[in-house]
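Protein chains in written order, with my numbering: chain A, 991 to 1279; chain B, 4 to 565.
A portion of the hints provided could be inaccurate.
[Unchecked claim] Residues on chain A that point at chain B, a partial pick, calculated with CB under 8 Å:
1) L1053
2) F1057
3) V1067
4) L1071
5) L1073
6) I1089
7) L1094
8) G1103
9) F1214
10) I1244
11) V1266
[Claimed, not checked] Just a sample of chain A residues kept apart from chain B, beta carbon distances all over 12 Å, derived:
12) G1048
13) R1080
14) S1091
15) Y1118
16) V1136
17) G1138
18) L1146
19) L1148
20) N1165
21) R1170
22) L1268
Keep in mind that the hints were calculated from the coordinates and are not lab data. Note that the structure is a prediction, hence the values are computed from the model and not measured. From the three backbone atoms N, C-alpha and C, an ideal C-beta is built for every residue, glycine too.
The lines below spell out each chain.
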Amino acid sequence: MDLLAQLLVNGLINGSNYALLGVGFGLIFATTRIVHFAYGPIYTAAAYATWFAAMVLGLPVVLAVPFGMAAAALLGVASYLYLYRPFELRQSPPLVSLIASLGLFIVLENLIGIIFGAGSRVIDGLQYDVYLVGPTFFTSINLAQVVGLLLLTALLGLFLRRTSYGKAILAMTDNPEMARIIGIDTRRVSLLVFAIGSALSGLPAALILMKDGATPHMGFIAVFMAFIAVVVGGIGSIRGAIVGGIALGLVESIGLWQIPTEWQNAISFIVLFLVVLLRPRGLFGMAGR
Amino acid sequence: MDYLLHILVLVSLYIVLATSFNLLIGFAGLFALSHAAFYAFGAYVTAILSVKLGLPFPVPLIAGVLFTAFIGILVALPALRVAGDYLVIVTLALQVIVLAVINNWKDLTGGTDGIRGVPNLHLFGYVLDTPGKFLPVSALVAAGCFWVAWRLAGSPFGRALRAMRENESAAQAVGKDLLYMKVTVFAFAAGLAAVAGSLFAHYLTYVGADSFTIEETIYVLAMVILGGTGNLWGSVIGAAILVILPELLKFIDLPTDIADKSRLIIYGLMLIVILRFRPQGLFGEMATTARVGGSILPAAASIEEPVIAGRSGTTLTGKGLHKTFGGIVAVADLNIELKPGVITGLIGPNGAGKTTAFNLLTGFLEPDAGSVAFGSRPITGLKAHRIVGAGVARSFQDLRLFTKMTVLENVLVALPDQAGDGVFAVFLRPFLVRREERQNLGRAMAVLDFVKLGDKATANAEDLSYAEEKLLVIARLLATGAEVLLFDEPLSGLDPTTLQDIFPIIHRLAESGKTVCIIEHNLDVIKELCKVVYFLDEGRILAIGTPEQLVADPALAARYFK
Chain A
991 MDLLAQLLVN GLINGSNYAL LGVGFGLIFA TTRIVHFAYG PIYTAAAYAT
1041 WFAAMVLGLP VVLAVPFGMA AAALLGVASY LYLYRPFELR QSPPLVSLIA
1091 SLGLFIVLEN LIGIIFGAGS RVIDGLQYDV YLVGPTFFTS INLAQVVGLL
1141 LLTALLGLFL RRTSYGKAIL AMTDNPEMAR IIGIDTRRVS LLVFAIGSAL
1191 SGLPAALILM KDGATPHMGF IAVFMAFIAV VVGGIGSIRG AIVGGIALGL
1241 VESIGLWQIP TEWQNAISFI VLFLVVLLRP RGLFGMAGR
Chain B
4 MDYLLHILVL VSLYIVLATS FNLLIGFAGL FALSHAAFYA FGAYVTAILS
54 VKLGLPFPVP LIAGVLFTAF IGILVALPAL RVAGDYLVIV TLALQVIVLA
104 VINNWKDLTG GTDGIRGVPN LHLFGYVLDT PGKFLPVSAL VAAGCFWVAW
154 RLAGSPFGRA LRAMRENESA AQAVGKDLLY MKVTVFAFAA GLAAVAGSLF
204 AHYLTYVGAD SFTIEETIYV LAMVILGGTG NLWGSVIGAA ILVILPELLK
254 FIDLPTDIAD KSRLIIYGLM LIVILRFRPQ GLFGEMATTA RVGGSILPAA
304 ASIEEPVIAG RSGTTLTGKG LHKTFGGIVA VADLNIELKP GVITGLIGPN
354 GAGKTTAFNL LTGFLEPDAG SVAFGSRPIT GLKAHRIVGA GVARSFQDLR
404 LFTKMTVLEN VLVALPDQAG DGVFAVFLRP FLVRREERQN LGRAMAVLDF
454 VKLGDKATAN AEDLSYAEEK LLVIARLLAT GAEVLLFDEP LSGLDPTTLQ
504 DIFPIIHRLA ESGKTVCIIE HNLDVIKELC KVVYFLDEGR ILAIGTPEQL
554 VADPALAARY FK
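Make the full structure from the sequences, and use the hints.
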């Protein structure tokens, strides 16, 4: 029973990461309809930028994290402006953007590999606390993962509902054509969601860097987890992505109860496979369309 | 020298991979990014059978191809349910699962160590243990695989694949079996990739999971996109360029690790640059029809061909048809009778349920209640393509032409009972297929002449004027050879002069014994064409009569113009 409790806690912690990735990826997908596969290596870049800020520039961690998030936002905006936007203007079929995104994925991932080397990068001398609650334990980094999810999504929710830009995003998520007709600058809104969505990946990236270290390939799994969270939760819903991400974390973690560790990632991919095939509109039926 | 020959062996392997992948994404439009997994299956089956069981060549090759073709059929199942972005993601996930199995099922696959000691090929007393000795075999195999892909792509089956790529429901509406086509093309693409995998295992005498990663799929994808989707020669050139180009990096003194990564960056950049600046690839889609009939178009067969004449004089009846969508009643208790030689009109305000009625009659929707019979034969519940085969076909309000195919191909693909739609005939009865294709070209030209589109036969459907597009819709429906022709707004948006040109065409269809039903909003058109008119509103038939009777009814007029 104690093991199960610990697995549930682990699932919740990992799930928070997936949820935040899902919210960022899902925001971009729901608004622009672009399957931004390069979200993965941009997340990786955020982790390395955080490492760079902390270890090379010597910034304290509280400043290094925003630095990583800013780097991700910048890369996200650049990928929209220079990669996806021209395809949108030409009205290419949506698949073209996805294939181009795979191209960008492979370019960025290997570029990072060349610049930083294949080994993992860690932040030395990091201090964190360990908490024991009942039969379970977790660290302050784990705590930050959960709190970070709650805080950032709450902020995002406020932004979307209270500001005019936020409302423009929601309008475009609902119906891009209509949004354009009523005079919303869809280019600017797209830039904004690429900035926000990518920045959101910066926090999970930084926390994984602190927990396990950064590797050039970390983005591959991340973007899939984000996609699964979105598909499970239903496209176009922040709450759905959160529920989807946490559900994914729990399934994966509880799966480990019976299944050897090396299959951990395969579990999530099988979940993805089944969900897309059986319920392509999401398990919770919150799909926008 | 050996190095150069080694590069050429690699080129021949990638030619097999790229052309088979092109069948899938370029011709069938199925972006299933799990090609490296098929490649892996071919390699691993060969390695396992020849190392662990000691089976001699060509047993492992054949087993690998058959097994992988079977896996391909399994992968086709998702492609039946999801398309586009979702198919891409699901198949990428599938590839991750395959890699996880390879890495974790250590007893069978050797895990991350892979399998060593795959025997070299022995042929005619030679051991093919150097690139120089291996090259003739791999080149020959590549040529053979290319021929298979070429034959498939250029056949009526390949044409049907392209029609499915352009529009699935329209392909169904001309009688194509999507399930059969998807399953078959996946089996072929997977089987051919397995041939490359099997050769790879014998050539390197080693298989390991890192040869079959997602990067490998993207690598082959870049070759196909570079050469041009839908062009098999393009894939050959694309494979050659993308194998040779990165080798030039060898002339720069880089550590292997960085050279490998640079290679991948080149592929990624190549993919982006091509999509951005030349999305059709180096070579556009290849023209297949021209090949079939030689360079000269055949003379049209005579108009008295059964293609245009009705035969049986059978009536289509729908009884008590009912359909609701989430509580909204689309069609309620619809009784309709379409008689041969009569043009029946279906009118009513927008949302009256006219198109839903067509969907129910043609199997595109399953009715909640009620039945459809063609003569005495019940056709309720049959798949849409079977209903077309039985003799009931429909067109779409939004045209759904196969836009990236020629006008002639649009009609050719719709002709019924083509032996070449089946892959067994394509490969085993080539003369039958060729003879039939000649006849079909004549029939297709006859249909095009009938609607006066003969001079546009070689134009692309996307380059037609609006009126010509409407004519092509009629021609394509006609080509199905169906007795009952359901036209969904065939004349909307046309100017009066064009209308006068088309009226006689539709009249002649009815005179020759076809059963014709048209959905139409323009009352003048209805008066000109129809003998019987059904007035639908809110899913119910409110009146049946001659156009004059219906127009004279003030209550209907009020509803119609409300």
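To see whether the hints hold, each was checked on the structure:
{"no.": "1", "hint": "L1053", "verdict": "31 Å, violated"}
{"no.": "2", "hint": "F1057", "verdict": "25 Å, violated"}
{"no.": "3", "hint": "V1067", "verdict": "17 Å, violated"}
{"no.": "4", "hint": "L1071", "verdict": "13 Å, violated"}
{"no.": "5", "hint": "L1073", "verdict": "7 Å, holds"}
{"no.": "6", "hint": "I1089", "verdict": "6 Å, holds"}
{"no.": "7", "hint": "L1094", "verdict": "6 Å, holds"}
{"no.": "8", "hint": "G1103", "verdict": "5 Å, holds"}
{"no.": "9", "hint": "F1214", "verdict": "7 Å, holds"}
{"no.": "10", "hint": "I1244", "verdict": "18 Å, violated"}
{"no.": "11", "hint": "V1266", "verdict": "5 Å, holds"}
{"no.": "12", "hint": "G1048", "verdict": "28 Å, holds"}
{"no.": "13", "hint": "R1080", "verdict": "8 Å, violated"}
{"no.": "14", "hint": "S1091", "verdict": "9 Å, violated"}
{"no.": "15", "hint": "Y1118", "verdict": "31 Å, holds"}
{"no.": "16", "hint": "V1136", "verdict": "27 Å, holds"}
{"no.": "17", "hint": "G1138", "verdict": "26 Å, holds"}
{"no.": "18", "hint": "L1146", "verdict": "24 Å, holds"}
{"no.": "19", "hint": "L1148", "verdict": "30 Å, holds"}
{"no.": "20", "hint": "N1165", "verdict": "19 Å, holds"}
{"no.": "21", "hint": "R1170", "verdict": "22 Å, holds"}
{"no.": "22", "hint": "L1268", "verdict": "9 Å, violated"}
Of the numbered hints stated above, those contradicted by the structure are hints 1, 2, 3, 4, 10, 13, 14, 22, listed in ascending order.
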